[in-house]
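Asks: Chains as they are written, first to last, in full-length UniProt numbering: chain C, 1 to 270; chain L, 1 to 270.
Treat the hints with care, as some may be off.
Where chains are identical, the list cannot tell them apart; a pair therefore holds if satisfied intra-copy or between any two copies.
[To be verified] Cross-link-like lysine to aspartate or glutamate pairs, in silico, EDC-like; alpha carbons within 16 angstroms at most: (1) Lys214 - Glu32; (2) Lys199 - Asp218; (3) Lys155 - Glu50; (4) Lys262 - Asp168; (5) Lys165 - Glu139; (6) Lys6 - Glu238; (7) Lys165 - Asp108; (8) Lys261 - Glu90; (9) Lys262 - Asp96; (10) Lys155 - Asp96; (11) Lys196 - Asp19; (12) Lys155 - Asp108; (13) Lys3 - Glu139; (14) Lys262 - Glu90; (15) Lys165 - Asp218; (16) Lys195 - Asp108; (17) Lys49 - Asp257; (18) Lys199 - Glu222; (19) Lys3 - Glu50; (20) Lys262 - Asp108; (21) Lys196 - Asp133.
No lab work stands behind these hints, which were simulated from the structure alone. This one's a predicted model, so the numbers in the text were calculated from it and none came from an experiment.
Number of protein chains: 2
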Amino acid sequence: MRKVQKNERIGVISSILTDNPNQIFTLTHFCEVFNCAKSTISEDIDVIKEIFSNYQLGTIETVAGAAGGVYYNPLMNHEQIKNFTDELCEIIDHPDRIIPSGYIYTNDLLYSPQISKKIGTALASLFNGQEIDYVVTVETKGIPIALMTARALNKPMVVVRNQSKLTDGTVIYMNYITGSNNRIKTMCLPTRAIKKGSKVLFIDDFMKAGGTAKGIIDLMQEFQAEMVGVGVLMATKEPHNKLVDDFKTLVWIDNMDEANKKMHIYSAFK
Amino acid sequence: MRKVQKNERIGVISSILTDNPNQIFTLTHFCEVFNCAKSTISEDIDVIKEIFSNYQLGTIETVAGAAGGVYYNPLMNHEQIKNFTDELCEIIDHPDRIIPSGYIYTNDLLYSPQISKKIGTALASLFNGQEIDYVVTVETKGIPIALMTARALNKPMVVVRNQSKLTDGTVIYMNYITGSNNRIKTMCLPTRAIKKGSKVLFIDDFMKAGGTAKGIIDLMQEFQAEMVGVGVLMATKEPHNKLVDDFKTLVWIDNMDEANKKMHIYSAFK
């Protein structure tokens, strides 16, 4: 068998790392794949680290020690998030998207694999370095961006539902009050979905008064889990006082004017 | 500026293609990125094509002509799908997963970014080469694998809901009868979600009698769209006569024995 060339190894390793964000691969694994020495793989990783940095593809991180290895963090920097959210605002800011009752149609964006992946990666980047065990969302529209956030962080996603299904097994049910219009709603989650003592990140597509996020905080307490972050795609400027103190949004919405089909939507990044 | 080396170009192109399944990049795009000749990029692509094939990372396809370029198809071959579904069956086939009423708990698998990505890529591989405009699913549990199927195919996902929301705008509502227990349920979809004359692939996590898939076929007719394929993660052997004739499943479930917490679950691939 001919020796595998350096550019071949670099291509394969770059593809595998990119395809598996935040998964650690041991150097020994790649030694076996290419039948070569550890020092050779080490040199390859150094090249990959540099090119990922130079071409802003995210970062390649190495972990020392017995459980050590190399992994890909699809981190977007401030400028990349700003550019992406600016583009997104331009797409969202269209009169056709304003629907009766003053909401914005965003299904096509949230359900686009390309866009949801970028939103998820941007949201994951905002919580980079934080200890997170689960990415929690509530059905339905937030699921794709929560899944893509979970993919970027390589953590399991958990979906809170409004009604439980037979396949959920035993669930914890909770009533909560929506912040916007004071309606009573229910949310539920299988008892086995989250381990005690976990730290969770809540991801959703939209926040107005923050009632859902507040509900999730309360529900997490039933699981003896702690909410360590809240990230949303879009948040409204009003009401200013929301039911959760601390959250991050990619995009702000202000001055929705349904009658004139106008709104002010802008990136949260300058 | 120093000349970019071949192994650097191959690493960057491999990463970008992997990260964007079924998206065509022009060779000119990469020429600009690296400030080099088209013939150079052509040679790089040849190397990448070969290593992706050798290491079974999917296929690199080139498209000739004005709109031409190169793209990555994350195609799994028969053996890869078989190995993956065998592993999956081993994980699913555990007494703890059988919950009262004879259902199987799979939320943790469906909501895992790693596993849902593999399921989606496997399902996409089964419909490789077919003309598809949208990947359609019905809320809630099928969404992650449908999104990952849509990602592999680079097509938009559409989520049919049981109840419409304010943010859906105008919707088409349809009543349908579940195949398993003859209950009347509703499904709805925003009128703007699917263009007339589209071809859609329906993806779901589970099929028993096929009532949901049949409902989606009927709903698609309201949109003058055609269902060209049905793919599910798991299907039950019984009832043998399902409400849809033609579907593909990754895994079969047979002889569910709730009392003894036993089931027979096996890959659809030999």
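Asks: Which of the listed hints are not met by the structure?
Replies: Violated hints (numbers, rising): 1, 3, 4, 6, 10, 11, 13, 15, 17 and 20; every other hint is consistent with the structure.
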